[in-house]
Amino acid sequence: MQSQLRVGRRAFGGLLLSFALLPRAVALAQSGPDNRTPSFTISENGPYSSVASSAVVAAFDRAMGELDGFSEGVRPEQARESVFRRRLLELRLLMDLYAYAYDPEPLSTFRELVDDAYERVGGYQDIPVISTILQTGFRGDLVDLRRLRMNVALAALRTSSVREAAKAFLGSPTGAIYALEGKDVPRIWQFAGQTATNDFDSVGNAARMGASALAGIRASGPFVENIFDREQEAHFHDVRKSVRSVLLLMLMFPDTRAAIQPIAEPMFQLISQYGDVNDAFVAYRLAPALGANQGTASDFLRAEYVKAQRREQTVRDQHTFENLVGALSGVQDRHHV
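Everything in the sequence shown is counted per this note's numbering, starting at 1 for the first residue and increasing by one.
Read the hints as simulated data drawn from the structure, not as lab findings.
Values in this document were obtained by computation on a predicted structure and should not be read as measured data.
For glycine and all other residues, C-beta sits at the position ideal for the given N, C-alpha and C.
Any given hint might turn out to be false.
[Claimed, not checked] If you anchor each label on the Cβ, the simulated ranges turn out as follows:
1) 230 - 149: 18 to 26 angstroms
2) 241 - 318: 41 to 49 angstroms
3) 293 - 165: 43 to 51 angstroms
With the hints as extra help, turn the sequences into a complete structure.
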């Protein structure tokens, strides 16, 4: 830890003092559904492809139900309070988990729609967080532009013909395990270095993916030293998203949930702080365009990453990666077909 982003005691104390009066904008990163608490359960089990249909369609219906109450004129604060983006994330994760059950070409089309919607809603709802971190408001034209981009991304999903086509496709996996390669392999399966298989049922495949993905992330060297370095920041972002994806997916199934909940708290705390670091990084990048002091934003980002490093050390000390891999491997072993 001493080699990572060293901050002298005197400098760090001054840094804390300079931010003592700032509102805790990054706490907004934790608004909405708690990542530790599952918002639904996939209780059905059976062959991977057959469970894919009911699980993914149910997630699709939940997301579209929230979209129907998500106004085109929603304010950024209202967007942040909504669970709509979480529903999009859950749908995207299940589309990735069950990607091997679907023809990759149509799946990629619908996956891109969901991903674009997720990213654009995120950019819009981040406005109040960035504004508070930087202590400056967004210009009205920039707010309008982000709202426009969000609504353009959501337009297809609001269209009945697109919804009907997506639901029909997601509800009809072929029953085969596709051989995916290249861009068709979701990032979480890339970290896992595995493919879905008929040797395990649906829960077994989920546990196998989760264990292998966490092992792959651990082997990749998940903790970076310089959050300001572009390559290291990109790796940090991949690790943050991938670990969060694994944890959220594992909470969806009763067996994997029961296996990880007693041991996952250090990882949940780490990913929560990583979310605050990500908010601070976005604010740091946008500071010049918003007329804010980038040096102050840089100090704030550095302070948030120092907090993350402490939580990284806890994950190391408690062997959380290894414990989660072991627990999920045990679930996998119990779900051979």
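Exercise for the section: Check each numbered hint from earlier against the structure, then list the numbers of those it violates in ascending order. Expected result: 2
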